[in-house]
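Q: So the chains spell out like this:
There are 2 protein chains.
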Amino acid sequence: MGRSKAKYELGHSHLERLVHYYHFLGERVDLDETTRVSSQQLAQLLTMDDTQVRKDLAAIGVRGVPRLGYRAAEVVEAIRQVLGFDQIHRAILVGAGRLGGALAAYRGFVKYGLRIVGVFDQDLGKVGTTIGGHFVYSTNELETVIERNNARLAILAVPAETCQALADRLVRAGISGIWNFGPTTLTVPDGVVVRHEHIVVGLAELAYHLQNEPGSPLPVSQDTE
Amino acid sequence: MGRSKAKYELGHSHLERLVHYYHFLGERVDLDETTRVSSQQLAQLLTMDDTQVRKDLAAIGVRGVPRLGYRAAEVVEAIRQVLGFDQIHRAILVGAGRLGGALAAYRGFVKYGLRIVGVFDQDLGKVGTTIGGHFVYSTNELETVIERNNARLAILAVPAETCQALADRLVRAGISGIWNFGPTTLTVPDGVVVRHEHIVVGLAELAYHLQNEPGSPLPVSQDTE
Numbered sequence: 001m002g003r004s005k006a007k008y009e010l011g012h013s014h015l016e017r018l019v020h021y022y023h024f025l026g027e028r029v030d031l032d033e034t035t036r037v038s039s040q041q042l043a044q045l046l047t048m049d050d051t052q053v054r055k056d057l058a059a060i061g062v063r064g065v066p067r068l069g070y071r072a073a074e075v076v077e078a079i080r081q082v083l084g085f086d087q088i089h090r091a092i093l094v095g096a097g098r099l100g101g102a103l104a105a106y107r108g109f110v111k112y113g114l115r116i117v118g119v120f121d122q123d124l125g126k127v128g129t130t131i132g133g134h135f136v137y138s139t140n141e142l143e144t145v146i147e148r149n150n151a152r153l154a155i156l157a158v159p160a161e162t163c164q165a166l167a168d169r170l171v172r173a174g175i176s177g178i179w180n181f182g183p184t185t186l187t188v189p190d191g192v193v194v195r196h197e198h199i200v201v202g203l204a205e206l207a208y209h210l211q212n213e214p215g216s217p218l219p220v221s222q223d224t225e
Numbered sequence: 001m002g003r004s005k006a007k008y009e010l011g012h013s014h015l016e017r018l019v020h021y022y023h024f025l026g027e028r029v030d031l032d033e034t035t036r037v038s039s040q041q042l043a044q045l046l047t048m049d050d051t052q053v054r055k056d057l058a059a060i061g062v063r064g065v066p067r068l069g070y071r072a073a074e075v076v077e078a079i080r081q082v083l084g085f086d087q088i089h090r091a092i093l094v095g096a097g098r099l100g101g102a103l104a105a106y107r108g109f110v111k112y113g114l115r116i117v118g119v120f121d122q123d124l125g126k127v128g129t130t131i132g133g134h135f136v137y138s139t140n141e142l143e144t145v146i147e148r149n150n151a152r153l154a155i156l157a158v159p160a161e162t163c164q165a166l167a168d169r170l171v172r173a174g175i176s177g178i179w180n181f182g183p184t185t186l187t188v189p190d191g192v193v194v195r196h197e198h199i200v201v202g203l204a205e206l207a208y209h210l211q212n213e214p215g216s217p218l219p220v221s222q223d224t225e
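Which chain is which? The protein sequence lines are A and B, in order.
Residue numbering for the first sequence follows the numbering used here, starting at 1 and increasing by one per position.
Residue numbering for the second sequence follows the numbering used here, starting at 1 and increasing by one per position.
Possibly wrong hints are sitting among the right ones.
Quick list of in silico lysine-lysine cross-link-like pairs, BS3-like style, CA-CA up to 30 Å [said to hold, decoys possible]: (1) K55(A) to K126(A); (2) K126(A) to K111(A); (3) K126(A) to K126(B); (4) K55(B) to K55(A); (5) K126(B) to K111(B); (6) K111(B) to K55(B).
Simulated from the structure, these hints should not be mistaken for laboratory data.
All chains should be modelled from the sequences, with the hints used to inform the complete structure.
A: Here you go:
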């Protein structure tokens, strides 16, 4: 509505930074139409240069005013649109174990457009109970619930050995995006998007930075012979 | 030991890709000293160009042989060293709720050098129980357990409102790296590294790619007036 449409390529790091800006601004309770935010404030978040912030925002069409900064609401709205948080993504969640339970209970997803429409488990002891406010279905009902809710996204929190078979089944049932928390890689047909949630990336970054504290040079794997 | 040491700057995306290579190779049961892996195989993992793989590995001192590829074991070992997975990172985990429980129970951390030496909760109903094989201590004992185990890393899986006070206390107790799963940003002194685990980054990426499927151009926030 009154906005141009353009195909637009967003790199992973850029996208990640936008999520951080969005999250940070979304946390602030004082946000109203007049609230301003500076590129320096956003840069501090990620301990980086404010030039990067200005680039990131300019690339999605948001420009600040010198000395006044950005209108916070405009930044939030632009990120919402570009990342698709303004749309509703109906998702099913497979696996009602510890991790599945944590995901089912997480209320923050709403801000990102995610709506969980069904939780599934193959353990009959869990079927029929409620987890994080969601009814737990038997995995036998996967296709029915996906179709009934027109779900396109699936969140997998199941053991590695069941992931691939499950993914195949979900794709046949019409799922086009898989958010995989299982510790395995998946093979899917073209047109299906998989995001493999690698919780250890964060750990890796911490471990890396801890060993790179001043005075502790990092051994680089390079033969000196 | 026979390797040069050099300070070495690793960008976030580079680091993330290295973790993926490491994880992928670590999953393969057939790995031995003779196993080879090609840059094409690794590139497929992340649906990207194999030139990127060669750059990523060259930057950490690993070079392949034309037509033969890389020695898989060498790739694994180089990543282990560069990312510090060959060291033991003793960590405490605060918060024995759903997410804390999932983290406490996750066995995969061992491959990355993480050893959880204590789980804490302020809920007296949980103190003294076992979660994911770990004894749950009262948060009153934080300082004692950190000191006794010489822990430098803390994993926070607590509600947003308690994160900052807890972080302050942990830093005073000698923690220099915080892996924060709480939905909030933290302020820490220089020299302390924080990694804010943003589970929604993965969701953002999925949502973004789903709306960017062929034929559905992305609205860019840009006024056309």
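Q: Mind listing which of the numbered hints don't hold for this structure, in increasing order?
A: 1
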